[in-house]
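Given the coordinates of chain A, assemble chain W onto it according to the supplied hints.
If you want the building blocks of each chain, they are given just below.
There are 2 protein chains.
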Amino acid sequence: MTDVVVGFDPRTGRPRARVPVTGIAETERLLDAAAGAADAWASTPRSDRAALLRRVADGLERDAARIVSTADAETALGTPRLEGELGRTTGQLRMFASDIESGHHLQVLLTPADPEAGVPDLRRMRIPRGPVVVFAASNFPLAFSVAGGDTASALAAGCPVVVKAHENHPRTSELVAAVLTSVLPDGVFGVCHGRQAGLRAVAHPAATAVGFTGSLAGGLALAEECRRRPVPIPFFGELASLNPVVVMPDVAAADGERVAREFVASMTLGNGQFCTKPGLLFVPDDGLMPRLVATAVRRAVTGPLLTPGIRESYVGHEGHRRLTLLATGTGDPEIPMAVAPELRLVRSEDFDLSLAHLSAERFGPAAVVATYTSQQDLLDKLARLPGSLTAAVHSIATGSEVRSVAAVLQRRAGRLILNGWPTGVAVRLAQHHGGPFPATTDAAATSVGSAAIDRWLVPMAFQGWPEELLPPELQHANPMRVPRRVEPTVPS
Amino acid sequence: MTDVVVGFDPRTGRPRARVPVTGIAETERLLDAAAGAADAWASTPRSDRAALLRRVADGLERDAARIVSTADAETALGTPRLEGELGRTTGQLRMFASDIESGHHLQVLLTPADPEAGVPDLRRMRIPRGPVVVFAASNFPLAFSVAGGDTASALAAGCPVVVKAHENHPRTSELVAAVLTSVLPDGVFGVCHGRQAGLRAVAHPAATAVGFTGSLAGGLALAEECRRRPVPIPFFGELASLNPVVVMPDVAAADGERVAREFVASMTLGNGQFCTKPGLLFVPDDGLMPRLVATAVRRAVTGPLLTPGIRESYVGHEGHRRLTLLATGTGDPEIPMAVAPELRLVRSEDFDLSLAHLSAERFGPAAVVATYTSQQDLLDKLARLPGSLTAAVHSIATGSEVRSVAAVLQRRAGRLILNGWPTGVAVRLAQHHGGPFPATTDAAATSVGSAAIDRWLVPMAFQGWPEELLPPELQHANPMRVPRRVEPTVPS
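Chains as they are written, first to last, in our numbering: chain A, 1 to 492; chain W, 1 to 492.
Bound-form chain A, shown alone (with noise of 0.2 Å):
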């Protein structure tokens, strides 16, 4: 009688995992633990989550066989895939241990007293907002699910996280969780599956933000569950993203061929279904690269889609329909539910009619390629293409041409890749996952790299607080320094 989670193996299509769902009960249960835990996982110091940060990596190591057979079961996504991307999970923990022992995130800012001037001793850092509701994704099952990115920075920041599992990988998501209950205190983690229990964490008093990586549709409703509660909270989510990619005449010319082929590569990686796959390519209209581009995708073959939902919106996409079919490759014959890889063309004088339909994402092995007449005609295009996370540009000049070129993709997109491709994101200091919207709902937020820790928190100023009542980050005299920017007392 129990309501369960049915997962499915995407390989056959048959159902395969079967998880109860998360009752209201149990879920509020989750919250008011995290609720309980909040202020005592906020307190301790970042040593110690560091070193609690650490175990869970280390504990997903020792369990690394059978998570990643699990989740090659649940996703089809393959081994070695799946050992990269636990090795991208285990260092994200890592990362944000040492990023926390650092203080960077704190921001500590101190502005001395200055009585005279009526200024008073004020002393900011960020503390963490309290429980963090993450919703994992389908497409990453260990680095954007259960001790995923999301998790991982949320925990270091001192916030207590409860994860809505995804359906497609349940039994994935218990293997994690396990190992995430057994190394942190009471309350601090929590998982829920099933869509109720997703919503119902969101609408409880004690959540404070929420992450998500998913589409459009599924995150533009949990944004309104968000903001309708009596207390709205902050929704990070990572949507719907295009990742134009720009070939200019002189590489199309002189190395067309390799640039086909490496755009396919990308398209096609995990059989299409990264955040960051490009799905449009502007090239010259000279004829010669769109047919560059279909010889490399009629060679390509492809896999699985991870969920019957996303294999219903690849293969019957409402835009994509509408236009020309260029070229298809090959689904996996070896695999019943395997999709073929898929090019469309809009032809410049088409984009403007077609914008609506190329603009929506397709989750799978597709892309379109689309014609410019000049540097102009470019431009205008790209000056009307939605939000992304990333834009590309292939050049061997870089001269004026080029930089106009990104002059307009910096306002698309929050990553700018010169002769290089979207898929195979770095997680490090540097990186910026994130963009204007559809990309996500908040383009100063990234959740890739370090300043993913950012979601979490929030300043806080103490003014004319004794040394003894304030956070050893903010006392003058503390041995425990962590970087800290101090007014200058004569202000300039």
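Bear in mind the hints are in silico, worked out from the structure with no lab data behind them. Incorrect hints may have been included.
Taking beta-carbon pairs under 10 Å as the criterion, some of the chain A residues facing chain W (in silico) [what the hints assert, rightly or not]: (1) A223; (2) A430; (3) A444.
By construction, the Cβ of each residue, glycine as well, lies at the ideal position given by its N, Cα and C atoms.
Showing chain W alone in chain A's frame:
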């Protein structure tokens, strides 16, 4: 036939200034001009932007006498206060000029390429969002108005600004706008009058963010407009704040008369029309403090309120009407529209039932005294308060009792004050003028202090770009050094 904005003389209640409302076409022209100026303003060297901000400050000072007298006629805030506010306004402009010269606001992060680890060269900085719409406040006709903190920080960030002037000081707004317009390049600044113009500005496709200081109802309505756009934009609203003050038993017993007197001075400053007015005072229930505060209120004389609407809300406040009247003071007999200060009382046992009534912000010289019976009773009550900009504690001892009060209050307010008062916000590096909803719509944002610029910037990562195509701040060999954090090549 032209619609007009009608300003009122707050002292007499009679209509005064009449300024034509800005039509839809003219408002759209302002936003189009802002969009056209955005790239050039964003790429104007920081030192040049800083110089222009300083010229705006100089221009305001040159016209100070006329601006202050006009503002006094429109707001009745008095010459000394308005001279001080003009100083704060020019001080803000110069502070942001210095801030952008330092380059801290760019938050430059660099990850060097690490080919063996598959890591590309990543360089991250913050760039301006684009045109910003600012809604001026009624209660600071200069410092939170046409050339106020939102405008100064957005211009400094590199964003063009369109200000929707406040209806109650249209002439002051025009004088200040004339200074901005005379100094800044075409399109970088514009001002509009009237509610419909403000709504049209927010709906315009070129708008990328909104700054607002005003009422809860007005702010939530505008936030909804921001959300309903085809491309939603962030809304940074500073709305309603109770600013609780806690008097601990030791200070009540030792120095209650002084605390009562200072509380009433802070509560009646500017006729109680500060966002940081202390609206709720927690005192021990031994009867002493309510009596002392009542005595201070009875001695207080206050003046007129800013607008007929504010006056109406003050006089007929729905929430306070249901609370026990403890004391009233005197409305200045020489000013026809002066209102009297007022103090209401909520006894400990009535707190829960009265929470909704005492929580509704009452703009003007009114406050509520709430009694508590024990430390635990106090903590329980504080935990139930809505979010505020500030919270203050008055105490002689600095032991565990103050510590536990501070622990609760730091979840309820953005600035925590010990033995001081919330009015008088220092515009400095470490200031935080923000807080949990409903104090603001974004607890991570501040509208006062150096960090106010953060609202108008978004990160951008450049991957694989050569030096000559990067902004100077991201070039390794750049002589124009800005603060930057470089990731070690071997990650920890």
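Checked hints:
A cut of 10 Å between beta carbons decides the hint on A/A223: the least distance to chain W is about 8 Å, and the hint holds. Evaluation of the A/A430 hint against chain W yields a held restraint, the C-beta minimum of about 4 Å falling below 10 Å. Restraint check, A/A444 versus chain W: the minimum CB separation of about 5 Å is within 10 Å; hint holds.
Violation of the numbered hints given earlier is absent; every hint is satisfied by the structure.
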